[in-house]
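Using the sequences and the hints, build the whole thing.
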Amino acid sequence: MAIPLYYNWRNLLARRLSTILTLVVVAVIIVVLCTLLSFAAGIRASLVATGSSINVIVLKPGATAESTSIIQPEESIRLAQTPDVARDAAGNLLMSTEVCVQTDIPRKGQGGASANVALRGVDDVAFAVHPEVHITEGRNFRQGMLEVIVGKAACARFAGLNLGAEVSLGRHGQRQYQVVGIFEAKGGALESEIWAPRTMLCDSYQRRMASSVCLRMSDAASAPAAIEYINGPTVQLDGKLETKYYDDLASKTRDIVVLTTVLVGIMAVGAVFAVANTMYSSVDGRRREIAMLRAIGFSRSAIVLALVTESLLLSSIAWACGLGACTLVMPLIGQRQDFLSDQTWTVLAYELRLTPMIIVAALALAVIVGATGAVAPALRAARLDVLEALRKA
Amino acid sequence: MKLRLLYLARNLTRNPLRSGLTCAAVALPIIIFVLSAGVIDGIEHFLDNSSRQLRLAVTQKASISNPLPSGLRPKMESLDPTRQGLRSVCGMRWLGGKIENDQRVLSTVAVDADTFPATFPEHLQSAEELAAWQRDRQAIVVGRNAASQFGWKVGDRITIRPSVPPYAPIEFHIVSTAPNPDADPLTLLCRLDYVEEEVKKFGVPVDIVHFFFVKCGSKADLEHYRAAIDKFFANSPDETLTQDEKAFMNQFITQQFNLPRNLSILAAVTVFVAVMAAMNTMSMSFRDRLSEFATLKAMGFGGGVVFLMVQFESLLLCGTGGLAGALAPYVAFTYTPLAHITVPVIQALNIRPLVCFQAVGISLLVGLVAALWPSWAAARMRVVDAFRALE
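Chains as they are written, first to last, in our numbering: chain V, 1 to 393; chain B, 1 to 391.
No lab work stands behind these hints, which were simulated from the structure alone. Since this is a predicted model, take the numbers as computed values, not measurements. Treat the hints with care, since some could be wrong.
[Said to hold, decoys possible] To give an idea of the interface, some chain V residues facing chain B are shown, with a C-beta separation under 10 Å as derived from the structure:
1) VAL28
2) PHE39
3) LYS60
4) GLY62
5) ASP247
6) LEU249
7) ALA250
8) ILE266
9) VAL272
10) SER281
11) VAL304
12) LEU305
13) GLN335
14) GLN337
[What the hints assert, rightly or not] Listed below are the simulated DSS-like cross-link pairs for lysine-lysine, each with C-alpha atoms no more than 27 Å apart in a straight line:
15) V:LYS244 <-> B:LYS98
16) B:LYS98 <-> V:LYS240
17) B:LYS75 <-> B:LYS219
[Claimed, not checked] These stretches of chain B come out as covered by chain V in the derived footprint (C-beta under 8 Å, 3 or more residues):
18) 61-75
19) 110-118
Every residue gets a Cβ at the ideal spot worked out from N, C-alpha and C, and that includes glycine.
Right, dumping it as structure tokens:
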């Protein structure tokens with residue numbers, strides 16, 4: 001027969017200070033775990049949401065990102081022959097030639113330190129190739145005008161990109177573009193960008209070369225053949241699935257996950273010791289009580305179970321408190337963050353995210369810490385010599 | 001006195017399990033504190049060195065990614081023909097790059113070969129290195145951390161595939177691994193004249209650079225030319241943005257997850273955890289020994305003695321934990337293979353003894369704070385009440 005849960009609960013309340021202090025230790029570790037992982041999750045969510053598996057992005061061979069790739073007009077023309085590229089209703093190829101440049105824009109707050117924001121010059125076909133991009137406020141830009149549309153994340157993170165504002169762009173910052181719209185792209189990386197008419201941007205930046213070409217295939221199955229054609233001798237460019245391209249950029253998040261594992265691992269071992277300490281003292285403090293329980297017929301395993309349950313109860317309360325604290329801590333660090341990719345040299349603005357995965361990982365950590373910390377004290381309690389303990393005052 | 005010390009020692013060893021667990025619970029957060037403080041310290045050391053070098057970084061005004069014509073260099077030099085205030089100007093073209101079959105990204109920069117030694121005196125300090133740099137067009141200076149990461153040494157030939165057009169591999173010859181602790185440990189510096197020869201074959205434009213570094217004579221000159229250079233190029237086709245080297249470097253560091261700030265928060269949190277863990281033990285041990293304290297006071301020991309005793313016990317416990325926590329990462333990152341591990345932004349983590357001393361100091365502080373309430377309660381406790389409270 002098991003010892004009722006009520007007993008555990010009353011025990012935790014009996015030693016309030018110890019319980020609260022241990023709870024805080026475990027909760028803080030949960031906060032650190034969740035916060036660090038939410039960085040990784042924010043970046044990953046943003047990059048994973050970007051790109052479509054029926055889009056093929058074409059770069060110059062050797063270039064690691066759009067921003068360092070240069071495609072000459074004669075090279076992009078060769079891409080028109082790629083097999084199975086989709087067409088729109090009017091019969092136009094869904095092939096978007098894009099130019100990627102960068103501009104310094106100060107962040108909101110933080111003393112206005114500036115960040116390298118990506119600027120993408122596109123033709124109208126780009127909106128058919130990237131159908132996830134849609135205007136939520138204002139209107140789209142018109143070709144031939146000094147107008148831009150701004151991604152939602154960029155608008156939230158960087159200063160002076162509100163609807164109707166003017167931004168100085170161009171090789172010398174000499175052209176005043178007006179922000180005429182705000183766009184969303186399913187929370188993806190494109191939302192960190194500013195989009196402008198390609199011809200105007202090329203003119204302002206005094207360049208005629210494109211950076212990349214994006215092709216929308218008629219179906220996902222035809223992508224491998226198209227990529228083979230693009231990488232082959234006829235075109236000699238570097239094509240890959242758009243999803244793969246953004247997945248490669250997300251490799252940075254692996255560093256954060258490794259770092260988090262190491263840091264939180266060390267802290268968790270510390271927490272195990274703290275929990276063990278509390279449980280040992282709790283066992284020592286009620287030797288007679290435990291002996292009494294054994295005397296009235298509870299088995300050794302019931303005692304072990306009861307103590308582990310007590311510790312698990314403590315750590316799951318700590319888990320809940322930690323998650324609660326985490327939602328308070330995040331706005332303190334700044335819910336909106338950005339990071340400079342060392343591959344594209346442009347910033348990705350993202351939001352810290354507490355995903356279900358992270359919540360489950362935190363629960364797992366709490367359970368492991370609680371259980372490991374309680375096992376040794378519980379075994380000691382179970383081995384207790386009943387007569388000895390009852391006799392001793 | 002001897003008796004008191006003995007009593008103290010007995011108290012700590014009476015429950016070795018509890019003492020051990022507390023030590024460990026303090027030591028582990030201190031390890032994290034030392035690691036984060038080590039990274040912050042490394043970044044600060046790097047930035048301090050940048051500001052000591054009295055250099056300005058000149059970039060294109062609109063964006064660092066827009067190149068500037070190399071012709072700006074003689075124009076800047078003309079600002080001070082005496083070369084007293086403005087010592088030298090060195091143009092730099094960013095190449096980035098990777099080596100074959102390796103995902104790790106390099107930071108390679110091609111520099112003006114003639115003014116590089118004067119602008120960056122912390123590099124090429126030995127006569128042989130300097131001679132090799134001037135003689136060999138394929139010369140490249142490899143930061144010491146990059147060298148240890150890739151296993152390169154002086155005399156090696158390496159092939160780098162730049163991240164910028166034409167992306168064609170270029171072969172270099174290592175002449176130095178930047179042994180001076182002030183020298184940039186990460187960047188690879190090669191000769192611009194050689195790189196231009198190589199990229200010219202592919203029709204890629206030459207005579208452009210991404211930034212200039214300007215070495216100044218004094219702090220006053222630095223301030224003067226920071227404004228003077230931008231003013232000189234104002235309203236020209238190539239407007240510039242001039243910053244001191246520290247500000248220039250700092251913008252890259254803050255964009256990498258704002259590491260200094262976020263790590264400080266982490267360090268503070270871990271110290272907080274240590275305080276909580278130690279406080280827990282001290283309060284438990286106080287509760288267990290309530291009758292003992294009452295006896296001591298009944299025998300005539302003053303409140304001060306009891307107060308100090310609890311405090312000392314806590315200090316000793318946390319100090320030991322802190323010492324262990326500070327020594328472990330110091331030894332690990334100085335004497336074991338971990339010394340070569342890559343750390344974001346600063347790449348190699350050198351934990352200086354100063355950081356360890358700080359950590360021990362903080363752990364003593366943790367002990368002090370943790371014992372504050374128990375020792376106060378023990379000192380103030382009324383003997384009669386304490387005895388009565390016992391069964």
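Right, here's what the structure says about each hint:
Hint on VAL28 (chain V) holds. Least Cβ distance to chain B is approximately 5 Å, under the 10 Å limit. Because the closest C-beta pair between PHE39 (chain V) and chain B is about 7 Å apart, less than 10 Å, the hint holds. Because the closest C-beta pair between LYS60 (chain V) and chain B is about 7 Å apart, less than 10 Å, the hint holds. Restraint check, GLY62 (chain V) versus chain B: the minimum CB separation of about 3 Å is within 10 Å; hint holds.
Contact between ASP247 (chain V) and chain B, as hinted, is not supported at the beta carbon level, the nearest pair being about 14 Å apart and thus beyond 10 Å. The interface hint given for LEU249 (chain V) is violated, since its Cβ lies 12 Å from the closest Cβ of chain B, which is over the 10 Å cut-off. For ALA250 (chain V), the shortest C-beta to C-beta distance to chain B is roughly 13 Å, which exceeds 10 Å, and the interface hint is violated. For ILE266 (chain V), the interface hint holds, since its Cβ comes within 10 Å of a Cβ in chain B; the closest pair sits about 5 Å apart.
Below 10 Å, beta-carbon pairs count as interface contacts, and VAL272 (chain V) has one with chain B at about 9 Å; its hint therefore holds. Because the smallest distance between the Cβ of SER281 (chain V) and any Cβ of chain B comes to about 5 Å, under 10 Å, the interface hint for this residue holds. The interface hint given for VAL304 (chain V) is violated, since its Cβ lies 18 Å from the closest Cβ of chain B, which is over the 10 Å cut-off. Restraint check, LEU305 (chain V) versus chain B: the minimum CB separation of about 22 Å is more than 10 Å; hint violated.
Against a cut-off of 10 Å between C-beta atoms, the interface hint on GLN335 (chain V) is violated, since the closest Cβ of chain B lies about 14 Å away. Among the interface hints, the one on GLN337 (chain V) holds; its C-beta lies about 8 Å from the nearest C-beta in chain B, closer than the 10 Å criterion. A distance of roughly 20 Å separates the Cα atoms of LYS244 (chain V) and LYS98 (chain B); the hinted pair therefore holds under the 27 Å criterion. Distance restraint check for LYS98 (chain B) and LYS240 (chain V): the Cα-Cα separation of roughly 20 Å lies within the 27 Å cut-off, and the hinted pair is therefore satisfied.
For the hint pairing LYS75 (chain B) with LYS219 (chain B), the CA-to-CA distance comes to about 22 Å; that is within 27 Å, so the pair holds. Coverage of the segment 61-75 of chain B by chain V holds [criterion: at least 3 residues with CB-CB distance below 8 Å; count 6]. Counting residues of the segment 110-118 of chain B whose beta carbon lies closer than 8 Å to any beta carbon of chain V gives 0, which falls short of the minimum of three for the stated coverage.
In summary, the numbered hints that this structure violates are 5, 6, 7, 11, 12, 13, 19.
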